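Enquirer: Take the sequences, apply the hints, and build the full model.
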Amino acid sequence: LYCSIDKISKVASPVLVIHGTEDEVIDFSHGLAIYDRCPRAVEPLWVEGAGHNDIELYAQYLERLKQFISFELPNS
Numbered sequence: 019l020y021c022s023i024d025k026i027s028k029v030a031s032p033v034l035v036i037h038g039t040e041d042e043v044i045d046f047s048h049g050l051a052i053y054d055r056c057p058r059a060v061e062p063l064w065v066e067g068a069g070h071n072d073i074e075l076y077a078q079y080l081e082r083l084k085q086f087i088s089f090e091l092p093n094s
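Its first residue numbered 19, the sequence shown is counted upward by one per residue in my numbering.
Hints were generated in silico from the structure; no laboratory data involved. Note that the structure is predicted; figures quoted are calculated from it, not measured. Don't take every hint at face value.
To be verified - Cut-off 25 Å, straight-line C-alpha distance, at most; resulting in silico cross-link-like pairs (SDA-like, lysine to any residue):
id	residue 1	residue 2
1	Lys-84	Trp-64
2	Lys-84	Tyr-53
3	Lys-84	Gly-49
4	Lys-28	Leu-91
5	Lys-25	Tyr-76
6	Lys-84	Ala-30
7	Lys-28	Glu-61
8	Lys-84	Ile-73
9	Lys-28	Leu-75
10	Lys-28	Tyr-53
11	Lys-84	Ser-31
12	Lys-84	Pro-57
13	Lys-84	Val-29
14	Lys-25	Asp-54
15	Lys-84	Arg-58
16	Lys-28	Arg-82
17	Lys-28	Leu-83
18	Lys-28	Trp-64
19	Lys-28	Ala-51
20	Lys-25	Cys-56
21	Lys-25	Asn-93
22	Lys-25	Glu-61
Expert: Given below as structure tokens:
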């Protein structure tokens, strides 16, 4: 169903994996597996208590995304 797991090993750019621990649509274990298989993964963000459709409401989501765009992506 989620074929991203089969393709992530081919991604050459830095990847930021963000996943909510209470995601009711895509299990948290899938986020962990994506991170483990990603050749250029940066420090992930596991959002404690976040589900599938509310993750952007958590302050750490925007902060981590800004950090990735501003500092980690330009260095690639």
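Enquirer: Please go over all the hints and tell whether each is borne out by the structure.
Expert: Now the hints, each set against the structure:
1. A hinted pair counts as satisfied when its Cα atoms are at most 25 Å apart, and Lys-84 with Trp-64 qualifies at roughly 16 Å.
2. In summary, the hint linking Lys-84 to Tyr-53 is supported, as the alpha carbons are separated by about 19 Å, within the 25 Å threshold.
3. About 20 Å separates the Cα atoms of Lys-84 and Gly-49, which keeps this hinted pair within 25 Å; it holds.
4. For a cut-off of 25 Å, the pair hint linking Lys-28 to Leu-91 stands: about 17 Å separates their Cα positions.
5. Distance check on the hinted pair: Lys-25 and Tyr-76 sit about 28 Å apart at the alpha-carbon level, beyond 25 Å; violated.
6. Under the criterion of a C-alpha separation no larger than 25 Å, the hint pairing Lys-84 with Ala-30 is consistent with the structure, at around 20 Å.
7. Taken as a hint, the Lys-28 and Glu-61 pair is honoured in the structure, with Cα atoms around 19 Å apart against an allowance of 25 Å.
8. Among the hinted pairs, Lys-84 with Ile-73 is consistent with the structure: their alpha-carbon atoms are about 15 Å apart, no more than 25 Å.
9. Between Lys-28 and Leu-75, the direct Cα distance comes to roughly 31 Å. Violation of the 25 Å bound is thereby established for this hinted pair.
10. Between the alpha carbons of Lys-28 and Tyr-53 the distance comes to roughly 13 Å, so the proposed pair stays at or under 25 Å and holds.
11. Distance hint between Lys-84 and Ser-31 is fulfilled; the C-alpha atoms sit about 17 Å from each other, no more than 25 Å.
12. For the suggested pair Lys-84 and Pro-57, the alpha carbons sit about 21 Å apart, so the restraint of at most 25 Å is met.
13. A hinted pair counts as satisfied when its Cα atoms are at most 25 Å apart, and Lys-84 with Val-29 qualifies at roughly 21 Å.
14. A hinted pair counts as satisfied when its Cα atoms are at most 25 Å apart, and Lys-25 with Asp-54 qualifies at roughly 13 Å.
15. Annotation: proposed proximity of Lys-84 to Arg-58 holds, straight-line Cα distance about 18 Å (limit 25 Å).
16. A hinted pair counts as satisfied when its Cα atoms are at most 25 Å apart, and Lys-28 with Arg-82 qualifies at roughly 24 Å.
17. At roughly 22 Å between alpha-carbon atoms, Lys-28 and Leu-83 fall within 25 Å of each other, so this suggested pair holds.
18. For the given pair, Lys-28 sits about 23 Å from Trp-64 by alpha-carbon distance, which is consistent with the 25 Å threshold.
19. Between the alpha carbons of Lys-28 and Ala-51 the distance comes to roughly 15 Å, so the proposed pair stays at or under 25 Å and holds.
20. Of the pairs offered as hints, the one joining Lys-25 and Cys-56 holds, with about 9 Å between alpha carbons and a cut-off of 25 Å not exceeded.
21. With a CA separation close to 23 Å, the supplied pair Lys-25 and Asn-93 stays within the 25 Å bound.
22. Distance hint between Lys-25 and Glu-61 is fulfilled; the C-alpha atoms sit about 19 Å from each other, no more than 25 Å.
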